[in-house]
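Enquirer: Modelling step: build the complete structure from the supplied sequences, incorporating the hints.
Protein chains: 2
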Amino acid sequence: MISDGSPLPSASGLAWLDASGERPDIVLSTRLRLARNVQGHAFGGRARVNDRAAVLEKVRDAAGRAPLLQGVSVVEISALPRRQARLLMERRLASRELLGSSDGDSRTGAAVVLSPDRPLSVMVNEEDHLRLQTIYSGLNLREAWNLVDSLDEEMGRELPLAYHPEFGFLTSCPTNVGTGLRASVLLHLPALVLTKEIGKVLQGLSQVGLTFRGLHGEGSEVVGNFFQLSNQTTLGRTEEDLVDHLERMVRQVIHYELQAREVLLRDAAAETEDKIWRAYGLLRYARSVSFDELMNLLSGVRLGVGLKLLPGLRVYPLNKIMVFTQPAHLEEVAGRGLSTAEADVHRATYVRRILANEGVVGTESGPGDSSPAADD
Amino acid sequence: MISDGSPLPSASGLAWLDASGERPDIVLSTRLRLARNVQGHAFGGRARVNDRAAVLEKVRDAAGRAPLLQGVSVVEISALPRRQARLLMERRLASRELLGSSDGDSRTGAAVVLSPDRPLSVMVNEEDHLRLQTIYSGLNLREAWNLVDSLDEEMGRELPLAYHPEFGFLTSCPTNVGTGLRASVLLHLPALVLTKEIGKVLQGLSQVGLTFRGLHGEGSEVVGNFFQLSNQTTLGRTEEDLVDHLERMVRQVIHYELQAREVLLRDAAAETEDKIWRAYGLLRYARSVSFDELMNLLSGVRLGVGLKLLPGLRVYPLNKIMVFTQPAHLEEVAGRGLSTAEADVHRATYVRRILANEGVVGTESGPGDSSPAADD
Chain E
9 MISDGSPLPS ASGLAWLDAS GERPDIVLST RLRLARNVQG HAFGGRARVN
59 DRAAVLEKVR DAAGRAPLLQ GVSVVEISAL PRRQARLLME RRLASRELLG
109 SSDGDSRTGA AVVLSPDRPL SVMVNEEDHL RLQTIYSGLN LREAWNLVDS
159 LDEEMGRELP LAYHPEFGFL TSCPTNVGTG LRASVLLHLP ALVLTKEIGK
209 VLQGLSQVGL TFRGLHGEGS EVVGNFFQLS NQTTLGRTEE DLVDHLERMV
259 RQVIHYELQA REVLLRDAAA ETEDKIWRAY GLLRYARSVS FDELMNLLSG
309 VRLGVGLKLL PGLRVYPLNK IMVFTQPAHL EEVAGRGLST AEADVHRATY
359 VRRILANEGV VGTESGPGDS SPAADD
Chain G
9 MISDGSPLPS ASGLAWLDAS GERPDIVLST RLRLARNVQG HAFGGRARVN
59 DRAAVLEKVR DAAGRAPLLQ GVSVVEISAL PRRQARLLME RRLASRELLG
109 SSDGDSRTGA AVVLSPDRPL SVMVNEEDHL RLQTIYSGLN LREAWNLVDS
159 LDEEMGRELP LAYHPEFGFL TSCPTNVGTG LRASVLLHLP ALVLTKEIGK
209 VLQGLSQVGL TFRGLHGEGS EVVGNFFQLS NQTTLGRTEE DLVDHLERMV
259 RQVIHYELQA REVLLRDAAA ETEDKIWRAY GLLRYARSVS FDELMNLLSG
309 VRLGVGLKLL PGLRVYPLNK IMVFTQPAHL EEVAGRGLST AEADVHRATY
359 VRRILANEGV VGTESGPGDS SPAADD
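Residue numbers (our numbering), protein chains in the order written: chain E, 9 to 384; chain G, 9 to 384.
By construction, these hints were calculated from the structure, which means they are not laboratory data. Careful: at least some of the hints might be erroneous.
Pairs involving identical chains hold if they fit within one copy or between any two copies, as the list cannot separate such chains.
As the list claims (entries may be wrong) - No more than 25 angstroms apart at the CA atoms, straight line, and that leaves these computed lysine to any residue pairs for SDA-like:
no.: 1; residue 1: Lys316; residue 2: Glu350
no.: 2; residue 1: Lys316; residue 2: Leu76
no.: 3; residue 1: Lys316; residue 2: Leu363
no.: 4; residue 1: Lys316; residue 2: Ala364
no.: 5; residue 1: Lys204; residue 2: Val230
Expert: See below:
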């Protein structure tokens with residue numbers, strides 16, 4: 009059963025926010041995608057309207073038969089109000105490319121298949137015909153791989169996927185040929201940034217075939233000290249090898265980050281604590297905040313949670329703030345378009361509400377509190 | 009009765025903090041002083057050790073007889089631990105000049121006469137033999153003048169004051185000759201600063217014989233948007249004229265400040281509100297704060313109280329914070345010397361404690377709150 013879902017199910021695809029999985033204070037999410045194409049249709053930029061329409065129909069049929077995709081919605085971008093399409097992008101389920109140009113001229117056949125109960129989705133007619141995707145909370149490469157691999161098998165049974173015995177899966181861009189796999193882990197590395205060790209770490213990772221990007225993938229800037237670490241090559245190694253390699257490297261980076269946090273607490277405890285509490289104070293009371301500033305302040309607060317300096321505050325609301333304070337999400341709640349200045353005000357309001365509901369224990373105490381009580 | 013007071017009475021001379029008097033959100037305090045000298049002794053820099061010792065003895069005797077000075081402490085700077093002397097300065101009862109060089113080499117006869125129950129004090133052997141002083145909270149020039157004038161009469165009955173029939177009271181510096189009066193009003197003018205109108209206002213005041221200084225009088229910088237406005241001339245007009253003129257001008261400046269606040273609320277409400285709440289958030293949570301940053305943040309919060317944007321917060325604790333977070337006050341509470349970094353931490357702790365005890369109503373609401381409630 010497929011529901012031909014429009015409008016977008018309101019909380020779709022947000023399970024990766026729930027701060028479950030391993031080490032969720034440092035690892036925001038684990039994302040895997042497989043690039044696949046359907047035989048008999050031109051790929052990517054060479055695909056005509058006919059190709060794209062036909063691919064979407066084939067995917068729709070296949071989804072109707074694949075057990076993992078029971079109950080999914082097939083959401084066509086062109087049928088979606090623009091703001092709803094932007095919601096998908098802000099939830100990392102659709103790419104900017106899939107959404108097409110901002111004047112609403114989206115491509116024929118561009119769609120997202122959304123699972124109602126599994127962290128699974130498929131972008132249809134993006135750079136490749138199919139992008140099978142899964143996003144898990146925390147570090148969860150094994151489970152993520154198993155799920156997307158199962159979906160790949162099911163789709164492979166239902167659709168004639170373009171495959172070359174020597175090269176592997178064929179893709180629109182040569183960098184994806186082979187496994188078509190990109191495995192990414194979104195890491196929060198504030199201590200490596202503060203101790204200025206991050207450059208060395210990233211350089212080391214590039215030497216072992218890994219690359220990093222910002223929050224929203226390719227071409228996006230690093231904000232809030234979030235680094236998306238992923239495999240650079242997809243050819244010549246098995247998927248399991250790629251995933252295992254990434255996992256080992258991620259664990260190494262987590263280890264470096266934890267070491268850097270110890271250095272901060274040892275060499276700059278007062279400054280670090282002050283920075284964290286100031287970030288919290290601004291988030292708690294500011295009346296207007298840009299998304300970039302928010303991300304920087306959240307980074308400080310998230311570090312505080314990791315260092316157990318903000319007891320009572322959980323990671324989940326911090327994750328939630330990151331997603332729900334993006335422009336389309338704010339507009340969705342407001343029920344109208346928002347200017348940048350308005351969005352800044354709505355963003356600050358949302359953050360205050362969320363943080364006010366979170367207990368922060370011992371906000372009045374700190375290392376300076378050894379002084380006798382101030383009289384009042 | 010005079011108690012030969014050492015150590016310093018702990019809460020002496022702080023009545024001007026209590027946010028009573030007129031318009032205490034804008035006018036921190038009203039301060040009047042009369043410069044007087046005793047006949048038969050060299051003035052100021054020409055006064056020898058003998059002169060200064062003799063002057064102090066004469067003042068002590070006179071104080072024993074003057075009704076307004078019953079129960080006072082005569083605190084000799086040389087007999088006071090250095091930190092206690094700095095407390096006097098931080099409370100605006102003693103000048104840096106009176107305290108002498110920082111290596112503790114204070115001048116013979118330098119003393120402060122402190123009233124236990126009236127806002128009265130006398131600096132002895134500062135630039136002049138006597139500086140009769142009163143500080144009131146808020147705008148209170150009339151009452152302040154009556155009090156210091158009464159003290160002047162009493163002292164004039166007990167001591168042969170240097171007076172010239174043509175010029176009036178003789179002083180060490182020619183700018184004080186005549187009435188010897190300096191009347192100062194400490195004004196908080198953040199809106200005139202934010203709207204950049206302050207330059208024009210100060211220029212206008214200088215054209216009508218008024219001058220401005222920072223928090224700690226001559227040579228001190230303006231911090232936290234506090235301007236100390238006072239008469240420039242002391243000669244050729246009666247004391248009543250000088251005081252009336254200053255009062256009229258102060259009322260005019262208050263009017264300009266209130267107008268500027270209306271402009272802020274009209275043209276930059278969101279920015280102003282954000283600025284105020286951010287200042288509050290930082291004061292509420294920072295773990296380390298320098299005195300200059302504190303003054304700037306307090307300025308924002310004080311403006312918020314004036315604009316009724318921080319309901320529940322009173323002016324009194326803000327005044328108190330300004331005095332009790334100065335270095336000597338922090339050291340006094342800590343019971344030891346503090347490095348600058350330590351003082352910054354103790355300062356932040358003190359501020360958090362005071363603000364945590366003050367209810368701030370409606371901290372989660374604001375103009376952006378018209379958006380539907382964020383789900384949690």
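Enquirer: Confirm or reject each hint.
Expert: Going through the hints against the structure:
{"no.": "1", "hint": "Lys316 to Glu350", "verdict": "between (34 angstroms within a copy, 23 angstroms between copies)"}
{"no.": "2", "hint": "Lys316 to Leu76", "verdict": "neither (39 angstroms within a copy, 58 angstroms between copies)"}
{"no.": "3", "hint": "Lys316 to Leu363", "verdict": "both (16 angstroms within a copy, 24 angstroms between copies)"}
{"no.": "4", "hint": "Lys316 to Ala364", "verdict": "both (19 angstroms within a copy, 22 angstroms between copies)"}
{"no.": "5", "hint": "Lys204 to Val230", "verdict": "within (15 angstroms within a copy, 37 angstroms between copies)"}
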